[in-house]
Amino acid sequence: AQSVAQPEDQVNVAEGNPLTVKCTYSVSGNPYLFWYVQYPNRGLQFLLKYITGDNLVKGSYGFEAEFNKSQTSFHLKKPSALVSDSALYFCAVRDMSGGSQGNLIFGKGTKLSVKP
Amino acid sequence: DTEVTQTPKHLVMGMTNKKSLKCEQHMGHRAMYWYKQKAKKPPELMFVYSYEKLSINESVPSRFSPECPNSSLLNLHLHALQPEDSALYLCASSQEFKDYSNQPQHFGDGTRLSIL
Numbered sequence: 001a002q003s004v005a006q007p008e009d010q011v012n013v014a015e016g017n018p019l020t021v022k023c024t025y026s027v028s029g030n031p032y033l034f035w036y037v038q039y040p041n042r043g044l045q046f047l048l049k050y051i052t053g054d055n056l057v058k059g060s061y062g063f064e065a066e067f068n069k070s071q072t073s074f075h076l077k078k079p080s081a082l083v084s085d086s087a088l089y090f091c092a093v094r095d096m097s098g099g100s101q102g103n104l105i106f107g108k109g110t111k112l113s114v115k116p
Numbered sequence: 001d002t003e004v005t006q007t008p009k010h011l012v013m014g015m016t017n018k019k020s021l022k023c024e025q026h027m028g029h030r031a032m033y034w035y036k037q038k039a040k041k042p043p044e045l046m047f048v049y050s051y052e053k054l055s056i057n058e059s060v061p062s063r064f065s066p067e068c069p070n071s072s073l074l075n076l077h078l079h080a081l082q083p084e085d086s087a088l089y090l091c092a093s094s095q096e097f098k099d100y101s102n103q104p105q106h107f108g109d110g111t112r113l114s115i116l
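Protein sequences appear in the order of chains Z and U. For the first sequence, our numbering begins at 1 and goes up steadily by one. For the second sequence, our numbering begins at 1 and goes up steadily by one.
Rather than coming from a laboratory, the hints here were simulated on the basis of the structure. Hints may contain errors.
[Said to hold, decoys possible] Facing chain Z, according to a computed beta carbon distance under 8 Å, are these residues of chain U, among others:
1) P42
2) L45
3) F64
4) A87
5) L90
6) K98
7) N102
8) Q105
9) H106
10) F107
11) G108
12) D109
13) G110
[Said to hold, decoys possible] Below, simulated DSSO-like cross-link-like pairs (lysine-lysine); rule was C-alpha separation at most 30 Å, straight line:
14) K69/Z x K40/U
15) K18/U x K49/Z
16) K58/Z x K19/U
17) K40/U x K111/Z
Just so it is clear, CB atoms sit at the ideal spot from N, CA and C, and this is done for glycine as well.
The whole structure should be built from the sequences, with the hints applied where relevant.
Here's what the structure looks like:
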């Protein structure tokens, strides 16, 4: 079965410091991976995706993610955190199995808190 | 600004009421989704429509009834809901459901539903 794990419930970072939000996956075949962000009282906003090609993917708001096939990871990164980055972050993998093909399988989410 | 519009933003209803949630997108997407999200949890898929036909029903109770009147609109009809149905209901759309180009899903800001 395909799955996504976000091992940290919360990540705390000081403003200006680099941030990493971790995600590991388990899929059969090639993974199609996504990161979404959810601000309070808002829906999910797409940040970036990995389908194929370069292992370093650049996305919105200065975020990037590194795909590592050997470690089955897709960690979200930003060189310098902003207080406004504080939000709930979801990693997701595209379900490519049988009748569910096309569904997104979400991780449990990681709350990012950036302090001034 | 989100490209998927959901109305109303908030809804309070009694367990015997009938109400409807509405979702609209004008991106030409042919797949539309309903999700249920509890606080600080990932979204849970409820229904998927592909080309205005119901493709997936994730064993959702019959008190939730989806409808897709045309390619731009998605409704969720509610009747005799239970207190545990209180949640954020998110609508999303994507180019296609079984989308081999793997374009992301676009989410609305949701309807926050409270059942008294």
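Next on the checklist: Need the list of violated hint numbers for this structure, in ascending order.
Outcome noted: Those not satisfied are hints 3, 4, 15 and 16.
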